[in-house]
Amino acid sequence: MAAGNQGTELDLSWLARVRVNQPAVLRRAEQIQTRRAVKKNWQAAWLLRAVTCIDLTTLSGDDTPSNVCRLCYKAKHPIREDLLQAMNMHDKGITTAAVCVYPARVADAVKALRAANCDIPVASVATGFPAGQTALKTRLEEIRIAVEDGAKEIDVVINRTLVLTGQWEVLFEEIRQFRQACGEAHMKTILGTGELGSLTNVYKASLVAMMAGSDFIKTSTGKEAVNATVPVGLVMVRAIRDFFWRTGYKVGFKPAGGIRTAKDALVWLSLIKEELGDEWLKPELFRLGASSLLADIERQIYHHVTGRYAAYHDLPMA
Amino acid sequence: MDWIRQMWAKSQKERGVAGEEEETNGPRLIKEEAWNLCKGLEGDPPNDTSVQEPPLLKAWLESHGRSFGHFVDGKWLKPGGRETYATKNPTTGEHLATTLQGNGEDVKAAVSAATNAFQIWGQQSAHVRARHLYNVARNIQKHQRLLSLLESLDSGKLLRDARDADLPLVVRHFYHYAGWAQLMEVEMKDWKPLGVVAVLLPRNSPLLTLAWKVCPALAMGNTVVLKPASSTRLTALLLAELCAQAGLPPGVLNVVTGDQGLGEALAAHSDLDQVAFAGSVEAGRSLRCATAGTGKKLSLQLGGKSPFIVFDSADLDSAVDGLVDAFWLNQGQAHNAGSQLLLQESIAKDFIQRLKRRMGQLRVGDSLDKAMDLGALADEKQRDAIESLVVEARAEGAEIFQAWAALPSSGPFYPPTLITGVYTTSRCVREEMFGPVLISLTFRTAKEAVALGNSTPYGLAASVWTETLPLALEVARSLQVGTVWINGHNMLDAASAFGGCKESGYGRDGGKESLYEYVRPKWEIRPCSSAADLNCKTFATSQGTEAPLNPGEKRVPHSVTSDPDRNFPSVDRTYKLYYGGAQKRPDSMSSRAVLDHTGKILAYVADGSIKDIRNAVEAAHKAAPGWAKQTAHTRAQILYYLAENLELRRAEVASQLEALTSVGREDALREVDLSLQRLFHWAAYSDKYGGTVQETVLYGASLLFREPVGVVGITCPDEQPLLSFISLLAPAIIRGNCVVMVPSERYPLPALDFYQVLDTSDVPGGVVNIISGNQDHLSRGLAEHQDVQAVWYFGSKEGSAAVEWASSGNLKRTWVNYGAGRRCWSDLQEGAGEEFLYQATQCKSVWMPMGDIFAN
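Respectively, the protein sequence lines represent chains A and B.
Going by full-length UniProt numbering, 15 is the number at position 15 of the first sequence; the sequence numbering is gapless.
Going by full-length UniProt numbering, 759 is the number at position 759 of the second sequence; the sequence numbering is gapless.
These aren't lab readings, by the way, just hints derived from the structure by calculation.
Be careful, since some hints might not be right.
Said to hold, decoys possible - Okay, derived cross-link-like pairs now, DSSO-like style, lysine-lysine, Cα gap no bigger than 27 angstroms in a straight line:
1. K522/B to K688/B
2. K356/B to K282/A
3. K40/A to K370/B
4. K370/B to K250/A
5. K58/B to K39/A
6. K688/B to K192/B
7. K584/B to K250/A
8. K349/B to K370/B
9. K370/B to K282/A
10. K349/B to K263/A
11. K584/B to K40/A
12. K108/B to K189/B
13. K39/A to K108/B
14. K522/B to K537/B
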C-alpha cells in the first residue's frame, strides 16, 4: 500500500471553516459529466483502467461459499481472454483491485483466491455494516476477526449519529480506534453520505476520517437511499485535495453504490483526473465499489473489439 | 427545402464510408500510449482525431454554393458588383463561405422592405404575431445542431458552449417572446410598436445577441433590419432563412452583410425608428452622436469589466469553478465575462493556489472538440494586442501565471493567463481586455470590495461569492451594475433582464423589461425624422445672448407698490438658486428678468451657469445614497407633506400662475389641483414599483430590482409650468433619485416658489436642486457632466439634439422630446404614464441559486 496516511490531530477550526455551496457543486458535477468524453481506443484503455480499480463486491444476505468463489475467479479474469488478446492487453495482468465481502465470507474468499493462485486482496466490510448502530466494542472486535481471517483491507462504516449530532471529537476517536484495530490492513472509511444531511457534513466527515488516519474515504455502503453521486464525489475529492495540500498525505477515494454502467465508470475517472490529477488514477488511490459494473464494462470492451453489442450470456457471469 | 434533403443523403453516404473503414481496420488494438496516459505519467486525455467540417454544415453551405447574398424581403438578394468577404474556420483557417460587402443601396432596399412589411406586421393581431414567433421557435429547435455548428465556426466559440448554452437560450427567447407577443394587448396595452428597428450585432455570441434584440422587437410589432458583425455573418443569414421557412412574412426580418461602414450607413437611414446596438464602447459613443436629435430610439449594450468578488466566507472551490466558467468562456472575449477578480485578502493566497491548479487542467484547441475549454482567438492581431498588455504588466512588476500545458503549437491561441500584483492604475486593470487574461486584485473589507467593484466606468454585471446571505444581498444592492449573480456567474434566461448601466450602455435584453426598448406610448407620434441642422459642438456653449440687466432700463418691478394707496415701493424680489437645501446666489452674480403675460417684469431670477450646475450635482450626489436608502414609506410621507404644504399656498400659487401665463383664474386653480393630484399619484407609487420575481429556469430566486438611476438632470417645458415641473420632479424623487431641475426659462417662478414648499416639507437638502437660467446652456452642462446619470429634456428640437449628443460622454440615459408634440400634462397617460416610472428607474437582476437539502 501507499506511504499511508498517518493521520493528524483533530483540527476543529479547520472544520469550522468548511463551506460548501450546493448549487455550485451541482453545476460543476454536471459539467464534469459532459466535458471530458473519451472515445475509441482511449475509451477502451480507460475502461480497462477502471477494471483494475474495481473492488468486486458481493454484500448480500444470501452469499454462500459458491457465489463468493465464483466472484473471486471473475476478479482474476475480469475480461474475456480473447478480448484482451485482440487489444494486445492480455499480458498486462489485468485483474480487479480487490474482492469485497461480508466478514463471515472472508475466509471463503481468501481460500478461493489462494486456490486460484492469485494475490488479489480480500476486503471486508466491518463495524456493524451498513448502519454502524452496534456497540463500539463489537464493532472493533469485528475488525480484528476479519483481519485474522485474512482480510487485507477493511471497509469500516462511521457512526452517522455522531455526525448528525455534531460530536466530531467522538467520531475522530472511534475512527482512530478502528485504525488501530486494522493493524497492517488497509482501512477505507465509509461515510454513508446519503445519511449525513448536507454536503457540508460530507466535507467535514471526510476531513475527520482523514485526520483519524483512513487510507481511503468511501462514499456509501450501497444500502442508503442515495449512494455514490457525482456531487458527493466532488465534495469528497476536494476534501482529499485539501488534506493533501495541508498534510502531504495522499488519501484514496472509493465511490460505491449505484455505479452500474461503463459510462458511470468513465465519469468517475474523469472526475478524479480533473480534480486530483493523474496520480490518483490507480488502484492504490482509487477504487470503484461495484458488483454489476464489471459486466457492463466487459460488454463495452466486446463492442470495442468486435463492433457488435454482446448479449449477457456471451460473457462469463460473476 | 432542398438542402435538407441533400444534407441527409450526404450524411448517410459519409456514414457508410466510415463504416467500411472500420471493417478493414479490424479489431482495434489499444496503443501503448493510451494505456500509459491513462496510467497517468503525464499528459492528457484522448484527442485522437481533429474534428472535420461536419457533413450537415457542409451540405448547407454547399446548397448555397458557399456564397451568400443579403436576405431581404423573404429572399436572397445578390446585387452585382459588390465586394465579397470570406469567412474562415477560426481554428484551421479553412474557407467556409463568402458573403457580400453591402453598400448604401442594399441598406435602402432592406429598410424599404422592412417599412413596407411594417404596414401589415404592425397592424397584425397580437395572436397572429405570437403564432409566427412560436413557429419560428419550433423551426430553430429543429435545426439546433446546424445552428450551433455554424455559430461555433463563425465566431470561434466552443461548439460545446454554442450547443449547450447559446442555442437552448436562443430557442427559449423565441418561445418567451411569442408569449409577450400574445400578451401585448394586456400587458403592454398603453404602448405601440415603433416601426423599423435596426439591429447591429457584435462578433461575440452573435446568435444570442440576435435573439435578445430581434425577439422583443418582433413581438411588439416592429420589423427588423439586421446587420451582423463583419466577421460573424453566417448564423444571422441562416436564422433569417429559417424564419422565412417557418412562414415569417417577407420583410419582417431582413439581414444585410457588410463592414462597419455599412452599419453606420444603416443607423443613419432616416426611416428607422430604433437602433439596437451591441458592441464596443467607442462604437456606441459615436452611434449616440450620429443619431442625436433624429428621434430614433437607441439601446446600447456595450463593454464591461465585470468584477468577480470572492469573500472569505465563500466556498472557494466552487468560486474557482464559477470563475473558470465565467471567465474563460469564449476565450474571455465575452463582454459579460468576469474579467476582474477581487479577492478578500485573507483568502487570496488560498484561492490563487486553487485557481492555478484548475487553470492547469484547462484545454485549449479546436472549438469543435467537445473536450476543449478554450478555442482560438479571433485573429493574430488580437493575440498581439493581448500579448502587449501582458508584457506591459510584467514590466510593471506584476506576477504572470500562464497555463501553457495544453496549447496547440499553431493557430491564434493564447494560454489562460492570470495576472496578480497589479494595481488600479495599471493599463490592464483599466482597459477592457478581450482575451483569456484574468486580473486579480485584493480588498480588505466588504466596503472596499464594493468601492473597487464600482471604480470602473462600466457597469454590466458582477458576481458575489459568499455563504453569508446578508453580505451577499447588501453587496449585490450596492454594486452599480445591471446584473449580479450570487454564487454563480453568467446565468442568463429569456425571463431575466440583462444589460448595463454607466458606460456599459442602456436598455435591457430579456424579460418584460426589454419590451420597452421597442415601443412608444400609444398617444405619442414619432418625433421629427430628420436630424436637426445643428452644430452640436457649439450649440448653447455660452450662457446666452441676453444682455445682463441694464440698470438704465425702466422696466423695474419695484414700481409696483405693495399698497397702491400709500405709494410704498414693494420689497425687491430676486429669486436665488436652490441647491443643497439652501438658496444660493448664482456664480455669475447676475440675474434675468421674468416677464408676466403682459410683458412687464414680474421678478428677477438668478442666472445660473455651469458652475452652479456643478455645485448642484455635487449636492445631489451628497444626498443620493441616503435618499436611495430611505424607506419607500418615508419618501411617500415627504411627498404627501409637499402636497399638504402646496395646498396651503393654493390660492397664492394660482395667482402667480395667472399673472405669469395668461391662464384664467379657474385654469390656474385647476393646474394647482392637478399638481396636488400628481404628488399623490407618485407618492402612491413609492412602494409599488420596486421590482418583480423573474420566472427564469433557475432553481432559486431571480429578482428584478428597480433601482434609482442616480442624479437626474431635468429640464422643464413652458407648458403648464407648475404641473409639468411637479410631474417630472415627483416620479424622479419618489423612486429614489436626486434631481437637478432646470425650470422653464420663460416661466420659472412656479418652480422657484416651490423651494419654500420644499424647505418646509422635510425634503432632505440636495434631493431637489433648482437652477434657473438659460435652459439649453444649463441642459448642456447637465448632459456633459460625467457624473449625471440621466437627463430629461423638454424643450426645443435643437436642445434635444444637443443633449443627446453631449450625453455620449458618459453614455447617460436621455429622455428628450425633440421639441415636438406638446405633451398634454394634465392627461394621466401623457403626464403620468408608465413611461415616467421606466425613466425614473434602472433595473438590476439579482440571481440567487438555492439549495442545501441533500438526500435524507
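Here's how the hints hold up against the structure:
For the proposed pair K522/B and K688/B, the alpha carbon gap of about 23 angstroms is at most 27 angstroms, so the pair holds. A distance of roughly 24 angstroms separates the Cα atoms of K356/B and K282/A; the hinted pair therefore holds under the 27 angstroms criterion. Of the supplied pair hints, the one linking K40/A and K370/B holds, its CA atoms being roughly 15 angstroms apart against a limit of 27 angstroms. Taking the CA atoms of K370/B and K250/A, the gap is about 31 angstroms. The hint is violated against a cut of 27 angstroms.
Taking the CA atoms of K58/B and K39/A, the gap is near 24 angstroms; set against the 27 angstroms cutoff, the hint holds. Restraint check for K688/B and K192/B: the C-alpha separation of about 24 angstroms stays at or below 27 angstroms, so the hint holds. For the hint pairing K584/B with K250/A, the CA-to-CA distance comes to about 74 angstroms; that exceeds 27 angstroms, so the pair is violated. A C-alpha spacing of about 32 angstroms is found between K349/B and K370/B, which places the hinted pair above 27 angstroms, so the restraint is violated.
For the suggested pair K370/B and K282/A, the alpha carbons sit about 26 angstroms apart, so the restraint of at most 27 angstroms is met. This hinted pair does not check out: K349/B and K263/A have alpha carbons roughly 37 angstroms apart, beyond 27 angstroms. Taking the CA atoms of K584/B and K40/A, the gap is about 81 angstroms. The hint is violated against a cut of 27 angstroms. Between the alpha carbons of K108/B and K189/B the distance comes to roughly 32 angstroms, so the proposed pair goes past 27 angstroms and is violated.
For the hint linking K39/A to K108/B, the alpha-carbon distance of about 52 angstroms lies beyond 27 angstroms, and the restraint is violated. Restraint check for K522/B and K537/B: the C-alpha separation of about 34 angstroms exceeds 27 angstroms, so the hint is violated.
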